[in-house]
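Chains A and B are the protein sequences, given in the same order. FYI, the numbering used here numbers position 101 of the first sequence as 101, with every residue one higher than the one before it. FYI, the numbering used here numbers position 312 of the second sequence as 312, with every residue one higher than the one before it.
Think of the hints as simulated: they come from the structure by calculation, not from any bench. From the three backbone atoms N, C-alpha and C, an ideal C-beta is built for every residue, glycine too.
Take a look, some chain A residues computed to stay more than 12 Å from chain B by CB distance: (1) Pro60; (2) Arg74; (3) Asp76; (4) Tyr83; (5) Ala100; (6) Arg124; (7) Tyr174; (8) Pro182; (9) Arg188; (10) Leu252; (11) Ala314.
Capping the alpha-carbon separation at 30 Å, the derived lysine-lysine pairs in DSS-like fashion look like this: (12) Lys156/B with Lys49/A; (13) Lys159/A with Lys76/B; (14) Lys54/B with Lys177/B; (15) Lys156/B with Lys63/A.
Where chain B lies over chain A, by a calculated footprint (3+ residues, C-beta under 8 Å): (16) 12 to 22; (17) 135 to 143; (18) 149 to 158; (19) 262 to 272; (20) 292 to 298.
Given next are the chains, with one letter for each unit.
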Amino acid sequence: MAKYIIRRLLWGIPVLFFVTLVVFILVRFLPGGPFDFAGEKQLPPSVVKNLEAKYHLNDPLWKQFVDYLWNVVRGDLGPSFRYRNRTVNDIIAEGLPVSAQLGMLAMLIAIGIGIPLGIIAALRQNTIVDYLATFFAIVGVSIPAIVMGPLLIWIFALKLQWFPVSRWGAQPPYFLGFLPKPDITFWRHAILPAFTLGTGLSASIARLTRASLLQVIREDYIRTARAKGLAERLVIFRHALKNSMIPVVTILGPMFAAVLTGTFVVEQIFAIPGLGKHFVTSIGNRDYPIILGTTLLYGVAIVIANLLVDIVYAWLDPRIRFD
Amino acid sequence: MSTVKTTTANQLQFANRKERSPWGDAWRALLKNRLAVASGIFIIILIFIAVFAKYIAPYPYDKGNLVDNYALPGPKYLLGADFLGRDILSRTIYGAQVSLAVGFVGAFVSLLIGMTYGLISGYSSTRVDNLMMRFVDFLYAMPILIFVILLQVYFKAVARTGVGGPFLQTLVAIDNKMGGMFFIFIAIGMLNWLGMARIMRGQVLSLKRKEFIEAARSIGASDMRIIFRHLFPNALGPCIVAETLAIPGYISTEAFLSFLGLGVNAPRPSWGIMISEGYVGLRSYPHLLLAPAVALTLTILAFNFLGDGLRDAFDPRLRGQ
Numbered sequence: 001m002a003k004y005i006i007r008r009l010l011w012g013i014p015v016l017f018f019v020t021l022v023v024f025i026l027v028r029f030l031p032g033g034p035f036d037f038a039g040e041k042q043l044p045p046s047v048v049k050n051l052e053a054k055y056h057l058n059d060p061l062w063k064q065f066v067d068y069l070w071n072v073v074r075g076d077l078g079p080s081f082r083y084r085n086r087t088v089n090d091i092i093a094e095g096l097p098v099s100a101q102l103g104m105l106a107m108l109i110a111i112g113i114g115i116p117l118g119i120i121a122a123l124r125q126n127t128i129v130d131y132l133a134t135f136f137a138i139v140g141v142s143i144p145a146i147v148m149g150p151l152l153i154w155i156f157a158l159k160l161q162w163f164p165v166s167r168w169g170a171q172p173p174y175f176l177g178f179l180p181k182p183d184i185t186f187w188r189h190a191i192l193p194a195f196t197l198g199t200g201l202s203a204s205i206a207r208l209t210r211a212s213l214l215q216v217i218r219e220d221y222i223r224t225a226r227a228k229g230l231a232e233r234l235v236i237f238r239h240a241l242k243n244s245m246i247p248v249v250t251i252l253g254p255m256f257a258a259v260l261t262g263t264f265v266v267e268q269i270f271a272i273p274g275l276g277k278h279f280v281t282s283i284g285n286r287d288y289p290i291i292l293g294t295t296l297l298y299g300v301a302i303v304i305a306n307l308l309v310d311i312v313y314a315w316l317d318p319r320i321r322f323d
Numbered sequence: 001m002s003t004v005k006t007t008t009a010n011q012l013q014f015a016n017r018k019e020r021s022p023w024g025d026a027w028r029a030l031l032k033n034r035l036a037v038a039s040g041i042f043i044i045i046l047i048f049i050a051v052f053a054k055y056i057a058p059y060p061y062d063k064g065n066l067v068d069n070y071a072l073p074g075p076k077y078l079l080g081a082d083f084l085g086r087d088i089l090s091r092t093i094y095g096a097q098v099s100l101a102v103g104f105v106g107a108f109v110s111l112l113i114g115m116t117y118g119l120i121s122g123y124s125s126t127r128v129d130n131l132m133m134r135f136v137d138f139l140y141a142m143p144i145l146i147f148v149i150l151l152q153v154y155f156k157a158v159a160r161t162g163v164g165g166p167f168l169q170t171l172v173a174i175d176n177k178m179g180g181m182f183f184i185f186i187a188i189g190m191l192n193w194l195g196m197a198r199i200m201r202g203q204v205l206s207l208k209r210k211e212f213i214e215a216a217r218s219i220g221a222s223d224m225r226i227i228f229r230h231l232f233p234n235a236l237g238p239c240i241v242a243e244t245l246a247i248p249g250y251i252s253t254e255a256f257l258s259f260l261g262l263g264v265n266a267p268r269p270s271w272g273i274m275i276s277e278g279y280v281g282l283r284s285y286p287h288l289l290l291a292p293a294v295a296l297t298l299t300i301l302a303f304n305f306l307g308d309g310l311r312d313a314f315d316p317r318l319r320g321q
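If we strip away everything but chain A, and leave its shape as in the complex, we get (with noise of 0.2 Å):
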């Protein structure tokens, strides 16, 4: 197992070292520098000049890339284009948190309602109650989150005005960084915007798990396990599930990946300051530096999520450590 981990680690050095080198290439050959442009005037070549100094534009592209990796290393994305005194690491710190809070919500309620109504589905194989969960799985996919954001919002919010129409709940200072107070106005805001991210996901999840539990539910060990006269209950939570939740997990990353791009159109359609915004906003501005910088964030988040599950995989199913 030490040995997988450390594989697999040693794996995503290469695989993070590409992602940076692919956002440094587009950083540099990217129309347009930092200093075109302060508000709507032109600044004067000279003024440029003495700046691209500052901030080393002129030394040779090697150099630049080491420095870039050693300011990222350090925790360092450089100054905004549009926010004149904030930096990309300003922005991040006060988007971040917003955006975990709600992505951490939708992957609940991706797997709350996912994994339950799978199982459901499975159990019932070939009833009304499996053609429904089916159903409504398939359609749940089928919905994308810049449709179902719309029509929460319209049914919710504007029709029955159970829920506010935008905006987050929550505010700074957060239990250890980004755990909000779960007051009422949290929940509120929260709600309609973790569905929309959560829903289509959670119909992908409950396909995977009543797939896979109608495999396992056939293998020989569960008839072994029926045979020897256990309760059904026991057959299926101590012996199917388990085994049934191996290819669930590895939809964890994709899902991760699919949370956190959901969050640039969710909260883009209710109005949430959190990084997703910021980044979608940044597009529409051409601020580069910020498109860069949470560009370079997201892909690392990722590259490391697919990491994890992989362990996590590798620990549920001894087999695949071996090939």
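Got chain A sorted already, so can you dock chain B onto it with the hints?
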């Protein structure tokens, strides 16, 4: 007496029985799945709408009448008009072109690259195969959608400022001709050939050890003949099934990129762009959203049902249940 009769009948039946191919079996199994058939018909109708959009749409997609901005559904505009007074029904009809083009071209590109790569990898020596698959593993670990977003930002910036060499400018010109779809095709192809390569390689690996391949080799068939006459047709089924199930992903990726302003160029309508323009006015003008949202969801749903139906039809283990 009766025994003799039955035997004759059986023999007759046997003689008359048509040859059954795996493709024919799958086709018959698919036709029994009513949701899949309905989805297939829906998609065919949608293709017709997209191809003949010019003749079906009551208004052009790019010209509006500012007097009619935010017009409610009525006799003049069946589904209303948007913030520039452009007919929503017409824009939704033209939007089908983008979604379907992205779905089918994305599928074609990813099939072409993925199947070729997987075929070469699976058919080559173990060392080459290992090398090629480690490369796929490496790319698999990449946050590709994030790269695609970055690349779209880059391409849009290059197109806007006109910098870059002649090669880049040619690409930008092609992209402009296609209304901004070209880079989305590239992005989606890049995103999705990896899975196809893995499936194809697995198919080739398991098929190339089968007896019928050995038989073909023993009578002196060339590599090319074995690949195209024997391996390829047998590996095609699972690849097509996987590809159909991937199409909804392509369509929602395009809608997602368009929603972020990184999709097709205005004024060309895409359902993603229409939704991003419409949700802002949700409180007062929910009708702006209705048509593109319904169209997008139904299209994704139809491809999902069809893909599920195809998968069940091609899986002999599920047949006859």
